[in-house]
Amino acid sequence: MQNQAVLLAIDDYLLPLRENVGTYLSTPKYRKEPVVTPERDNPLAPDQVAAHFYGAVVHSNGKYQMWYYAVGLKEPGDAYHADLKKLTQGPVCYAESNDGIAWTKPDLGQVEVRGSKHNNAIALPDEVIEGVHVIKDDSDADPQQRYKMVYNPLNGKTWVIRTATSPDGIHWKAADHFGTDQFLETASFYKFNDLFVVNGQRMPFSDGGHAGGRQGRAIISPDFEQWLAGDTTAFDLPEPAQPADRGTQKPYDQVHLGVGATSLGSVAVGLYGLWHNIPGDGDSQKRWGWFGFGKISCDLGLVISNDGLHFREPVKGHVYISRFDTPATPVPGKNYPTILCQSGNGILNVGDETRIYFGRWLNVEYGMGEHGEVALAVLPRDRWGALGLNPKDSAHTPAYDNHGSIWSAPIRLPASGCRVLLNADHTRQMTVEISDEKFKLLPGYSGAKAGKSGQQSGLDCAIDWLGGDLSALAGQTVRLKINITKDSKSDPRLFAVYLRAD
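The opening residue of the sequence shown carries number 46 in my numbering; numbering runs sequentially from there.
It should be emphasised that the hints constitute simulated quantities derived from the structure, not laboratory data.
Here are the computed lysine to any residue pairs in the SDA-like style, where the Cα-Cα straight-line distance is at most 20 Å:
1) Lys295 with Gly327
2) Lys181 with Ala168
3) Lys150 with His104
Label pairs and their in silico Cβ distance ranges:
4) Lys483 with Pro324: 50 to 58 Å
5) Asp290 with Asn528: 44 to 52 Å
6) Gly513 with Lys108: 39 to 47 Å
7) Pro212 with Pro488: 50 to 58 Å
8) Pro375 with Ser105: 29 to 37 Å
9) Val360 with Asn394: 17 to 25 Å
10) Gly513 with Ala168: 53 to 61 Å
11) Thr149 with Thr522: 46 to 54 Å
12) Thr374 with Gly275: 38 to 46 Å
13) Asp290 with Val360: 22 to 30 Å
14) Asp505 with His104: 16 to 24 Å
15) Ile146 with Pro375: 19 to 27 Å
Small disclaimer: the values here were computed from a predicted structure and weren't measured. No residue lacks a Cβ here, since even glycine has one placed at the ideal position from N, Cα and C.
With the hints as extra help, turn the sequences into a complete structure.
In structure tokens form, the structure reads like this:
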């Protein structure tokens, strides 16, 4: 570990060995109203039709900044019932906020829309753009490259990526070349293990060289300039057993846009789109006749990764954010399905909260226009899910009804020493012991001398040992063992373990 290691309860790699405990996934709190909507009644707005969150949010110096994918009209018309053949895709638009809920769209004066530059569009060299993903890279010594963007333009043939840099997130210098010439619809962009990673959606061949559906892929750059050829399988859903039933025009669940993830240093956590595919009728008179207008829906599933590239579900098949719990703003008198678009670069920890910005796309029937807005879900910080004792079942756990334990993976403690904190409820029902790499408990940090917290519950419950701090173990490789005991008045839950360098 360096400055901090985060061991999430949902991570069965960093917390691999578990006795009489199970996973209890959390349910976020949803804001019913969207936080960003299109400017339907403003003919000069670049987002007159839709404000899609194939986007990003950064929180820095007390201010929230958002970049999103705007859809407008190529010529004046009815934005409420827009002709899909006359829509613009892009430009990238910008918004900012003091609280992350009430957003303003500043007049940037960069892009002309119907003779006016009084709008919030970002100037970039590509006319047709879908996704946009931004990080603030404080490790870059050049202040002109502090903000880094990967966006998703059309190169005339297919969707590719181009990078850009900025000192402030508003004025951007785009690279003079595309990062890749291969199809990729992007979902997120972040740094992990000092590599730049872009997640997205491709339609790869399935086994045996047969057609396949939408699946999650990731591409990599060591320096943000050169992107390696090829990709890695970030996250896949199963293909049908019969090859004839596979493909993007077949009715089965697929991965929409790949994984929208963020890096916490020791782990990446994200969401993927659980795309309930229903093909269109193939009408050549329709734009995107292959698409199931008024039929396709999408939920969001939770995934994690310990290398930033390969993701897995903590609970397979679990819908983490349901379209039924946070539906798009409806059309009166209609019951159209909602497509949730995973947050991209919209997962961020701010203070005591984990905020999840994501898109809500109302999938209306053809001829009813385009509908997209930005939504928000909130968790207590890092409380994606918990580990807690299994329900009492004398047939299976006769000796362990009220006790369980969790072992960590080996951790090399920093030379400066570190502190251990638990993100937990009923922390006083927990103790923390330390062992060597081979599970041999250390006498000064186990048994009667195990670490305890004086806090009942909290996001940062400090653990103290009778023998003093962990400075004597600096530089050593150890494991943590978290013991949980339940009584009649409490049901302890562990959400995360933090190791923070002194």
